[in-house]
Every structure is written in structure tokens, then in C-alpha cells.
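2 protein chains.
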Amino acid sequence: MLPTADQALVDAVIGAPGPAQRRAIAKTITLLESSRDDHRRRADEVLNTLLPKSGRSFRLGISGVPGVGKSTFIEALGLYLIGQGHRVAVLAIDPSSSVSGGSILGDKTRMEMLSVNENAFIRPSPASGTLGGVAERTRESMLVAEAAGYDVVIVETVGVGQSETAVSGMTDMFVLLQLPNAGDDLQAIKKGVMELADLVVINKADLDEAAATRARAQITSALRLFGQHGNAMHDQSLWHPQVMQLSALKSQGLPEFWAQVSRFRELQTANGRLAARRHAQDQAWMWERIEAGLKNRFRHHPGVRDMLPAVTAEVRAGRLAASVAARRLLDLMN
Amino acid sequence: MLPTADQALVDAVIGAPGPAQRRAIAKTITLLESSRDDHRRRADEVLNTLLPKSGRSFRLGISGVPGVGKSTFIEALGLYLIGQGHRVAVLAIDPSSSVSGGSILGDKTRMEMLSVNENAFIRPSPASGTLGGVAERTRESMLVAEAAGYDVVIVETVGVGQSETAVSGMTDMFVLLQLPNAGDDLQAIKKGVMELADLVVINKADLDEAAATRARAQITSALRLFGQHGNAMHDQSLWHPQVMQLSALKSQGLPEFWAQVSRFRELQTANGRLAARRHAQDQAWMWERIEAGLKNRFRHHPGVRDMLPAVTAEVRAGRLAASVAARRLLDLMN
Numbered sequence: 001m002l003p004t005a006d007q008a009l010v011d012a013v014i015g016a017p018g019p020a021q022r023r024a025i026a027k028t029i030t031l032l033e034s035s036r037d038d039h040r041r042r043a044d045e046v047l048n049t050l051l052p053k054s055g056r057s058f059r060l061g062i063s064g065v066p067g068v069g070k071s072t073f074i075e076a077l078g079l080y081l082i083g084q085g086h087r088v089a090v091l092a093i094d095p096s097s098s099v100s101g102g103s104i105l106g107d108k109t110r111m112e113m114l115s116v117n118e119n120a121f122i123r124p125s126p127a128s129g130t131l132g133g134v135a136e137r138t139r140e141s142m143l144v145a146e147a148a149g150y151d152v153v154i155v156e157t158v159g160v161g162q163s164e165t166a167v168s169g170m171t172d173m174f175v176l177l178q179l180p181n182a183g184d185d186l187q188a189i190k191k192g193v194m195e196l197a198d199l200v201v202i203n204k205a206d207l208d209e210a211a212a213t214r215a216r217a218q219i220t221s222a223l224r225l226f227g228q229h230g231n232a233m234h235d236q237s238l239w240h241p242q243v244m245q246l247s248a249l250k251s252q253g254l255p256e257f258w259a260q261v262s263r264f265r266e267l268q269t270a271n272g273r274l275a276a277r278r279h280a281q282d283q284a285w286m287w288e289r290i291e292a293g294l295k296n297r298f299r300h301h302p303g304v305r306d307m308l309p310a311v312t313a314e315v316r317a318g319r320l321a322a323s324v325a326a327r328r329l330l331d332l333m334n
Numbered sequence: 001m002l003p004t005a006d007q008a009l010v011d012a013v014i015g016a017p018g019p020a021q022r023r024a025i026a027k028t029i030t031l032l033e034s035s036r037d038d039h040r041r042r043a044d045e046v047l048n049t050l051l052p053k054s055g056r057s058f059r060l061g062i063s064g065v066p067g068v069g070k071s072t073f074i075e076a077l078g079l080y081l082i083g084q085g086h087r088v089a090v091l092a093i094d095p096s097s098s099v100s101g102g103s104i105l106g107d108k109t110r111m112e113m114l115s116v117n118e119n120a121f122i123r124p125s126p127a128s129g130t131l132g133g134v135a136e137r138t139r140e141s142m143l144v145a146e147a148a149g150y151d152v153v154i155v156e157t158v159g160v161g162q163s164e165t166a167v168s169g170m171t172d173m174f175v176l177l178q179l180p181n182a183g184d185d186l187q188a189i190k191k192g193v194m195e196l197a198d199l200v201v202i203n204k205a206d207l208d209e210a211a212a213t214r215a216r217a218q219i220t221s222a223l224r225l226f227g228q229h230g231n232a233m234h235d236q237s238l239w240h241p242q243v244m245q246l247s248a249l250k251s252q253g254l255p256e257f258w259a260q261v262s263r264f265r266e267l268q269t270a271n272g273r274l275a276a277r278r279h280a281q282d283q284a285w286m287w288e289r290i291e292a293g294l295k296n297r298f299r300h301h302p303g304v305r306d307m308l309p310a311v312t313a314e315v316r317a318g319r320l321a322a323s324v325a326a327r328r329l330l331d332l333m334n
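In the order they appear, the protein sequences are chains A and B.
Residues in the first sequence are numbered consecutively from 1, following the UniProt record's numbering.
Residues in the second sequence are numbered consecutively from 1, following the UniProt record's numbering.
Warning: the hint list may mix true and false statements.
One copy or any two copies: either way a pair holds, since identical chains are not told apart in the list.
[Stated by the list, open to error] Okay, derived cross-link-like pairs now, DMTMM-like style, lysine to aspartate or glutamate, Cα gap no bigger than 20 Å in a straight line:
| id | residue 1 | residue 2 |
| --- | --- | --- |
| 1 | Lys295 | Asp331 |
| 2 | Lys53 | Glu314 |
| 3 | Lys250 | Glu209 |
| 4 | Lys53 | Glu112 |
| 5 | Lys27 | Asp206 |
| 6 | Lys27 | Glu195 |
| 7 | Lys295 | Glu195 |
| 8 | Lys53 | Asp331 |
| 9 | Lys27 | Glu118 |
| 10 | Lys250 | Glu112 |
| 11 | Lys250 | Asp206 |
| 12 | Lys250 | Asp11 |
| 13 | Lys250 | Glu45 |
| 14 | Lys27 | Asp11 |
| 15 | Lys295 | Glu256 |
| 16 | Lys27 | Asp208 |
| 17 | Lys53 | Asp306 |
| 18 | Lys53 | Glu288 |
Bear in mind the hints are in silico, worked out from the structure with no lab data behind them.
Nothing here was measured: the structure is a model prediction, and the numbers come from that model.
Go ahead and model the full structure; you've got the sequences and the hints to work with.
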């Protein structure tokens, strides 16, 4: 049983759409993001109560370098989907926002029309902590938005550090936006982001059609390189990563984009990979948080905290083998 | 102060080369590999006593798919180096050997001439445990071989799972052996191994010179893709990954290979990167072992062991959020 206030919060989140629901969602996410232990315990109970109502959305991850036109694309896509009868939540992972103090979605004027639409819910990236912590808050916020009936959840990232891996690890489909220029592709291959992509979208294709066509051919061969080989390439029950071009600014190509997403969703549902992906993500998420928690406890253990600098210095000076140092520090926790 | 028997072991390891030293090295490594707690404590003390004598070798990592000719290459290189006055230790990381029961170096007849040479020490991969555990034993064996005066330590791997990363993470230079065929290159790029390579060697180049030349050009452009950009390419104080071809079977190209290795070593010593790489490796190693130890304690904690299956099932059934599950399991350790 939840305390009365928290039960009221849950009821409002799963209640009718409108200003009261929006306030309840925002309040729940603020509770999730609190660093106070009592808030965290309440948030856990609220989250578990909402959990059976979650999971019924399509989770779409979107990444791309600054300047690729992510905000324009997400606004155009969101408005298009709302026009089709969907309710759209937009969340973000930006581990740099705690440093810069800003966030890609902090400046809501960049999605001016979407942010005032009553069928959209936009929430900037949690602004503090490690990537793991930021990603955890975003995953939990996604569950809250789903319980509130948002049936498309878009998680975007600017691609700082390992944030693409985090977004790919919490979504059903990972879309990479690219500019029509080859250097951009090489960076994505080099960083290992291209491997994660279920769909690559060449945005701003109208600016230079010849370059966009070249980029498309290059990315297609890169995806083949990273993809399955042999007969699997011809297996119609499996999804093979695709490349397409569009222009978000001119709202060109959005129906085609959503048709690809829908085809992906149907295939992955039919062949069981969508459910398998979510189960694997949950397991990986649980262990990621356990490992982060264990490491955090280790660093805050009084004995370890006292000894760590000296032991690290001994290793550095070559007077203590690293493996022996690890065992000595671990023994301090007994 | 070490117990008398262990001090005698240390004295024999750092003593004069010969059969007694070889036996002492083998005995020390067996002690390191033991899973008994009292052996582990003794091994830690022995290792720390040997540590000031270690570190004076050049550590060469060698990887390549089965069939590329690794054993032939290492035997030819080892005999060449012994001919130049070096003492050569060959260690291995093969995390699959605990499954298969065999090891790349287990069958010493594959390095028949090297294994009977008194200036060579060959040790197969530790045959049990996780990759992290296997790698730790190999790192520690490397320190023992160095304390015994082996001035070239070769660590080889068949490249199962993440073992190339482990080998690259304990050596001064990482060499990738390739066959003269392009599919092989693509696999190495796909697996992220090419990025680790300081030097790529196309072996069996004599079999098809045209293919070897094509492979060399392809790998060179792949290395440029993964390498530094801009002015750094022209900085003569930095090493830029190289590609060369040779034939280990015909002992062709070994002096050129060792000349490249020596040039790498001189550059990296002069620009400080060799020392920096070793320091970073020690830190990473310490934290890798701490994290593995923490996770191991977690899994063996009685409360966690009892609850883990049920909690995992609740997460899988969608009745418990993964982050909440992680916190509940962590709370059991208090």
C-alpha cells in the first residue's frame, strides 16, 4: 500500500490526459530524480505500482552529432505522429548537461510547436551524475510516460561518450541521423555507433542530393560490413539495417520514415526479437546498476577511502602489483 | 619477511638461468594459479618480492585467427631473438581452453624447437575461470618471467571473445597477424581488433603476392580511418600504426619485423608513451580486479544468493523495475 499522497500521484499519472496528468508525470519524475534517500524509497514504490501499466509504447532511440538537425527532426516527427493519433513523449540523455548546465532539450524553444502540444510530453535530460545514473533516471521516466499512455517514446542523445550505447540499450529501435557527408560516416564507424543502428537517416538530403546519394551508398556498404552474413541476408523474417534520406526541415520523408519504423516493429514483434531485446535490456540494466552500486559502496567504505590514495601510489611506483593491491583493498571491506 | 621456502623460491627465480630457475618459475606460476586461499596469500607475497625486479622486458602482444600461422611465427621470432642474445618468454591467454581442455600452447610440439631452447620459457594459458581471471594469472606470470631476466615477453591469444583487448591491455605493443585476404580484414575491423593494432603483419605473403599487396593497401587505409587525424599524422615523434608482410614459414622478414618493433620501442620510450601506457594498464587492471571481486562477493552473499533467482524472475515478468531490483539486492548486503 502506498501512502495516500503517492497513491494520488499514481492515480493522476494513469488517469485522463490533461494538465493534471502532465503535472503528476512531472512531479513523479522529479521524485525519481531526487538524491534524497526517503524520496528514492517512495519513488521505488511509485515506480513498481506504475510498472504493470508500462511497456505498451514503441521506444525509439535517436542519435546524431550536433548540427544534424535532431530537434527539427523530432519536432516534425512528433507533430506528424500526433496528427496520426499518437501521444508522444520525448526524453533525453545528455551526460554533459551536468557540466555545461544546459541540455539539448532544456531550450524548449527549439521544439516550440511540439512542446505546447497537449499530446506531447517533453522532458530534458537529468542534469547530474554519471552516465549510468543519468540513463537510469531516463529509463524510469520512460516507464512513467508509458504508464500515462504515451504510445511513442523518443529518447534522444547528443552522443557524448557512451550515451549512444545507453540509448540503444533502452529502446526498441535505434536510429542514427547523419549528414550527407562522408567524414561524418567514418566518425560513426570509428566510434562504433554505426553498428548499433537499426536505421540510418540522412537528413538535409535536399541540400546536396548528389552527396546524399553517395553517403547512402557508403553507409549501406558499411552496414553490410557490420551486419549478418550468409543466408541471413535473405531471411525475410529478419530486419536488416536500412538507410534512407529525408529533409526534416521541409517535412519531406516523414511518412516513409514511419513506414520503416512500423515495418521494423512488425517484423521484430513477429520473430520475437522485440520481447527478447527488452528482456535482455532489463537484465543488463539490473546488473549495470548493481555494479555501479557495488563500486559506489566500495569507494565510500571508510577503510577503502583512507587507504585508496596510498595503495594507488604504491601501484604507480611499482612497489605493489595491481592484482595484489585490488585484493588488499577488497580485504578492507571484511 | 617471506617464509624460508618462499624466499628460496624467489632466490631461484631471480638467480642464474638454468634448470633450477626454470623449475622455480614454473613452481611460482603454479602457486599463482592455485585457487586455494593460503596459496593465494603466499603468491601475493612472492609477487611483491619479485616486483622490483620486473618490468625490464619488452612486452609484445600477438593475435590472429586460427590458421594465420601464429605458432610458426612465434617460434621463428623466438629463435631469431635468442640468436640475437635475447631471452624469450611466451605466455598465452585462451579463455576457451577451460572449455576445450586444450590450449594453443598446450601442444608444445607446435613450437618444438623453441620449447627445448634453454633461453625460452613457454607457458600455456591458465585453463580455468573467467577471461578476467585468466588474464590476471597471465599478467602475474609475465612479472615472474621478467624478474627471471626474460627481456622479451610474448603474450599470444587466439582472439576468443574480448581476449585481444586483454592482451593489448597488458603489453607494450600489440601486433595483429593477418592472412592475405580481405574478408579477414573486415572481421578484424568489425570486432574492433584493428583499432588496437600498433603493427599489422600479413603472414604467408609468399603464397599470393598480389593478394598480399592488395591486403596491405586495404589495411593501411583502414588504419588511417582509425588513426589520428590532422597534423599528428606528420608528427615524427609519434608512432603511426604500420602494415608489413612476411613469411614466418620461410623465416623471411623477421629482421624487418624486429626493426619495426625496435623503432616503436624507441619512439614510445622517447615520447613517454610507453611508461604512460604501463601506468594506465596498472590502474585499469587494479580496478578491473576490484570490480570482479565486488561482483563475486555480491553473488556469493547468502542473502543475495537466496533472493537473486526470485528477483530476476520478477524483473523478467515485468513486476519489478530493474533499477528497483538492483537497489533491493544491494540492500541485502547491509
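Right, here's what the structure says about each hint:
1. Lys295 with Asp331: both (14 Å within a copy, 14 Å between copies)
2. Lys53 with Glu314: between (53 Å within a copy, 15 Å between copies)
3. Lys250 with Glu209: For Lys250 and Glu209, only the intra-copy Cα distance (14 Å) is at most 20 Å; the inter-copy one is 53 Å.
4. Lys53 with Glu112: Answer is neither: 30 Å inside a copy and 66 Å across each miss the 20 Å cutoff.
5. Lys27 with Asp206: Intra 42 Å, inter 70 Å, cutoff 20 Å: neither.
6. Lys27 with Glu195: neither (37 Å within a copy, 45 Å between copies)
7. Lys295 with Glu195: neither (29 Å within a copy, 29 Å between copies)
8. Lys53 with Asp331: neither (44 Å within a copy, 26 Å between copies)
9. Lys27 with Glu118: within (17 Å within a copy, 73 Å between copies)
10. Lys250 with Glu112: within (16 Å within a copy, 70 Å between copies)
11. Lys250 with Asp206: within (9 Å within a copy, 57 Å between copies)
12. Lys250 with Asp11: Classified as neither: same-chain Cα gap 40 Å, cross-chain 78 Å, threshold 20 Å.
13. Lys250 with Glu45: Classified as neither: same-chain Cα gap 45 Å, cross-chain 70 Å, threshold 20 Å.
14. Lys27 with Asp11: Answer is within: at 13 Å inside a copy they meet the 20 Å cutoff, but 68 Å across does not.
15. Lys295 with Glu256: neither (46 Å within a copy, 46 Å between copies)
16. Lys27 with Asp208: neither (45 Å within a copy, 68 Å between copies)
17. Lys53 with Asp306: neither (46 Å within a copy, 29 Å between copies)
18. Lys53 with Glu288: neither (24 Å within a copy, 39 Å between copies)
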